[in-house]
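Trainee: This is what each chain is made of:
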Amino acid sequence: MDYVWAFVVGGGICVIGQILFDIFKLTPAHVMSSFVVAGAVLDGFDIYDKLIEFAGAGATVPITSFGHSLLHGAMEQAEENGFMGIAMGIFHLTSVGIASAILFGFLVAVIFKPKG
Amino acid sequence: MSEKFNQQQYDKTVKEYQPKPSLIGNCLRAFLVGGSICLLGQFLTGLYMDLFNMTEREAGNPTVTTLILLSALLTGFGVYDKIAQFAGAGSAVPVTGFANSITSAALEHKSEGLVLGVATNLFKLAGSVIVFGVVAAYIVGIIRYVFQAIM
Chain A
1 MDYVWAFVVG
11 GGICVIGQIL
21 FDIFKLTPAH
31 VMSSFVVAGA
41 VLDGFDIYDK
51 LIEFAGAGAT
61 VPITSFGHSL
71 LHGAMEQAEE
81 NGFMGIAMGI
91 FHLTSVGIAS
101 AILFGFLVAV
111 IFKPKG
Chain B
1 MSEKFNQQQY
11 DKTVKEYQPK
21 PSLIGNCLRA
31 FLVGGSICLL
41 GQFLTGLYMD
51 LFNMTEREAG
61 NPTVTTLILL
71 SALLTGFGVY
81 DKIAQFAGAG
91 SAVPVTGFAN
101 SITSAALEHK
111 SEGLVLGVAT
121 NLFKLAGSVI
131 VFGVVAAYIV
141 GIIRYVFQAI
151 M
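Going down the list, the sequences are from chains A and B. The UniProt record's numbering puts the first sequence at residues 1 to 116. The UniProt record's numbering puts the second sequence at residues 1 to 151.
Hints in this document: simulated from the structure, not taken from any laboratory. Treat the hints with care, as some may be off.
[Unchecked claim] Here are the computed lysine-lysine pairs in the DSS-like style, where the Cα-Cα straight-line distance is at most 25 Å: (1) B/K82 with A/K115; (2) B/K124 with A/K25; (3) A/K115 with B/K124.
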């Protein structure tokens, strides 16, 4: 069942993105930025955690989980270190994604030739 | 006045000849491809949980790393752009789309050199995601912090 819900919820989030593309004529950058903000706001109300519990990778793979992880890291550090913890922890959980995207993106750009 | 009229007529004429994108078809393709990428993520999470005795949360990091590596490689081979043409938001919304935007921006500017081309343009498209994400998380974080302090 985990796999079914991951597929359905992950696909559903992408459909929302497609509707924003087609009906509201937003660019991919606008949609991705909106989704990250939405993920942070939903996590602010503890809703996104419930979605992850329910859908697993269906909720962690879409870019909305980036906003959720930003806030989650910030709140974890804020509990330990007070107000400054928000800034200390904001990249705490997302650094894996950002660091690997920079590393692999750079390496691929160095090795491969641009196409088209 | 006549200029405005022409503008309206032009818009009307152009609209007739534009291909009408089928919203349902686009959504179906986005659903299938986006769902499949998440399914792959769920499969990888299960694999890492079994292989390394990780909890589901711990397995999230290697899962994201694997997906980003796959996406960067597929972008290098020119395959991801083909998937994106078919899937629309289905390939843009998952974290693989984030990696694709970084890799493709870097590749596109390779001819300008490693420093001014690749490194400078790496976050050309993905930068907005990080900026808006951090600003939103910071603001929501402050609100939550203040609320927790009051309660």
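Trainee: None of the hints should be skipped; say for each whether it holds.
Mentor: Here is what the structure says about each hint:
1. Between B/K82 and A/K115 the alpha-carbon distance is near 12 Å, which keeps this suggested pair within the 25 Å criterion.
2. For the proposed pair B/K124 and A/K25, the alpha carbon gap of about 21 Å is at most 25 Å, so the pair holds.
3. For the hint linking A/K115 to B/K124, the alpha-carbon distance of about 18 Å falls within 25 Å, and the restraint holds.
The structure shown violates none of the earlier numbered hints.
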